[in-house]
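A.B. asks: One-letter residues, chain by chain:
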Amino acid sequence: MATTAEILEKLAELVNDVVGTPVEDVQLDKSFVDDLDVDSLAMVEIIVGCEEAFGITIPDEESKNLVTVGDAVAFIEAHQ
Amino acid sequence: MTTVVITGIGATTPLGGDAASTWAAMLAGQSGVSLIAEDWAADLPVRIAGQLKVDPAERIDRVRARRLDRSTQLALIAAEEAWTDAGLTWEGSGEVDPERLLVSVASGIGGLHSLLDNWDVQKERGPRRVSPFTIPMLMANAPAANVGLAVGAKAGVHTPVSACASSNEAISLALDRLQLGRCDIAVVGGTESTIHPLPIAAFAQMQALSKRNDEPERASRPWDRGRDGFVLAEGSAVLIVETLEHARARGARVYGTLAGSGITSDSHDIVQPEPSGEGQAQAVVKALADAGLSPVDINHVNAHGTSTPQGDLTEAHSIRAALGRAADSVVVTSTKSMTGHLLGGAGSLETLACVLALRDRQVPPTINLEDPEPDLPIDVAATVRELPGGDLAAVNNSFGFGGHNVAVVVTNANVSR
Numbered sequence: 527m528a529t530t531a532e533i534l535e536k537l538a539e540l541v542n543d544v545v546g547t548p549v550e551d552v553q554l555d556k557s558f559v560d561d562l563d564v565d566s567l568a569m570v571e572i573i574v575g576c577e578e579a580f581g582i583t584i585p586d587e588e589s590k591n592l593v594t595v596g597d598a599v600a601f602i603e604a605h606q
Numbered sequence: 019m020t021t022v023v024i025t026g027i028g029a030t031t032p033l034g035g036d037a038a039s040t041w042a043a044m045l046a047g048q049s050g051v052s053l054i055a056e057d058w059a060a061d062l063p064v065r066i067a068g069q070l071k072v073d074p075a076e077r078i079d080r081v082r083a084r085r086l087d088r089s090t091q092l093a094l095i096a097a098e099e100a101w102t103d104a105g106l107t108w109e110g111s112g113e114v115d116p117e118r119l120l121v122s123v124a125s126g127i128g129g130l131h132s133l134l135d136n137w138d139v140q141k142e143r144g145p146r147r148v149s150p151f152t153i154p155m156l157m158a159n160a161p162a163a164n165v166g167l168a169v170g171a172k173a174g175v176h177t178p179v180s181a182c183a184s185s186n187e188a189i190s191l192a193l194d195r196l197q198l199g200r201c202d203i204a205v206v207g208g209t210e211s212t213i214h215p216l217p218i219a220a221f222a223q224m225q226a227l228s229k230r231n232d233e234p235e236r237a238s239r240p241w242d243r244g245r246d247g248f249v250l251a252e253g254s255a256v257l258i259v260e261t262l263e264h265a266r267a268r269g270a271r272v273y274g275t276l277a278g279s280g281i282t283s284d285s286h287d288i289v290q291p292e293p294s295g296e297g298q299a300q301a302v303v304k305a306l307a308d309a310g311l312s313p314v315d316i317n318h319v320n321a322h323g324t325s326t327p328q329g330d331l332t333e334a335h336s337i338r339a340a341l342g343r344a345a346d347s348v349v350v351t352s353t354k355s356m357t358g359h360l361l362g363g364a365g366s367l368e369t370l371a372c373v374l375a376l377r378d379r380q381v382p383p384t385i386n387l388e389d390p391e392p393d394l395p396i397d398v399a400a401t402v403r404e405l406p407g408g409d410l411a412a413v414n415n416s417f418g419f420g421g422h423n424v425a426v427v428v429t430n431a432n433v434s435r
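Sequence lines, in order, name chains G and L.
Sequential numbering of the first sequence, starting at 527, is according to our numbering.
Sequential numbering of the second sequence, starting at 19, is according to our numbering.
Chain G on its own, in the form it takes in the complex (with noise of 0.2 Å):
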């Protein structure tokens, strides 16, 4: 199980990956879209990434939802 900071580290690393924004901007607080530069098909990248990176199912509907960094983070603690 991995906790709130390495889940947050590893979607980080994911987020620099696909669109460049420095690991450090990626902060709970932060919307994908408004605050780290992420578009639609970028955010597919990072939650199929999410998908592998931590074993989880992260159905198209509920992809809409994750607005925030956190929300993230969040549905990731709790289905992991």
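Heads up, some of the hints might be wrong.
As the list claims (entries may be wrong) - Label-pair restraints from in silico Cβ distances: (1) Thr-529(G) / Asp-61(L): 36 to 42 Å; (2) Gly-269(L) / Pro-585(G): 57 to 63 Å; (3) Asp-560(G) / Glu-113(L): 27 to 33 Å; (4) Arg-80(L) / Asp-561(G): 20 to 26 Å; (5) Ser-39(L) / Asp-586(G): 56 to 62 Å.
To be verified - Some, not all, of what chain L presents toward chain G, calculated at C-beta under 8 Å: (6) Arg-77; (7) Ile-78; (8) Pro-145; (9) Arg-147; (10) Ser-149; (11) Phe-151.
What the hints assert, rightly or not - A few chain L residues that don't get close to chain G, going by computed Cβ distances all over 10 Å: (12) Ala-46; (13) Pro-63; (14) Asp-103; (15) Trp-137; (16) Ala-307; (17) His-335; (18) Gly-342; (19) Leu-374; (20) Ala-431.
Just so you know, these hints were derived from the structure itself, not from any lab.
We put the beta carbon where it would ideally sit given N, CA and C, even for glycine.
Assemble chain L onto chain G, guided by the hints.
C.D. replies: Below, chain L alone, put in the same frame as chain G:
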């Protein structure tokens, strides 16, 4: 008739990472063909290609590159060079009216690497692992669309697809749009990146490729009796073309004029050129008429000259048929002897080479022409040849599978005639 001038050039090719180094290597008679080092090539019947001299990763950062097919990356590199060469600011704004700016950038095949790589991913790891960027990366209009986004073009973004004639057709299309008054300035050219085991195997199955694996630099040898097919190559070349009025208004430096173009279609066979070369000759005739020039005005032809046994001969006769006795004083070359065949990038690269040949009054050689076909009806430059002083004009030929014939005429910077 609206005069259209060429004001910027850019390229990334097997000979160099920009237009200047590519041109210097052409005049030096260097070959850009080499052995493919990757393991995947080991079992292929053809293991040589015209591979890029400069890795695009040196110019396009990792994050951006993962959303762009390699063919689009090359087009962006060439377009940025051409745009800045024309005195404009890349990804800037305000210098050119976007409503009057057009893009016409071709690809013969499209985002082949993105298509095949993602199919590999899907087969091995399932549909959930396919990149969501696959479609905007593989679509044939992706290079033009991305160039259009970079420069802010709103007068239309076009992608003519006519195999190896594609980028000459892209140039022709823009010329027509400029002369119709639909735009004032255009980014034109082509790109291709297909050095991958599938197209190599497929072209080899057609017996189209040279198998001279032990002598890569000697493999592309147009009109030489030892030629055995073309050499696949990758790269992109882009030009900035605009109305003379627009160029003057912004004080642009002018390389020469884009004087005319001619297009025909053979309606003969899906891959073989019509053997008499009539369609090819008519493309040149139409291009001269479009330019308001006569055969005696032409000093130089950059031939399609791919180094295939039949294609080179058909073209030699079609050039003679189009120019008649005037062909005696026309210096013909095939720069594919050095670059290999860039498919959808070939036409614009060779039009660019014509522009620089007229500027420098020097025709680059057709290298490896050691044992020329007997009784060739054209004068092929085996070494660098000088062009005379005064007004100069050149024809660039491009032909494609499907029977596409596109000739483009350029003249040197004197725009008085």
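A.B. asks: Run through the hints listed earlier and report the numbers of any the structure violates, in increasing order.
C.D. replies: Going through the list in order, the structure violates hints 1, 5, 6, 7 and 8 and respects the others.
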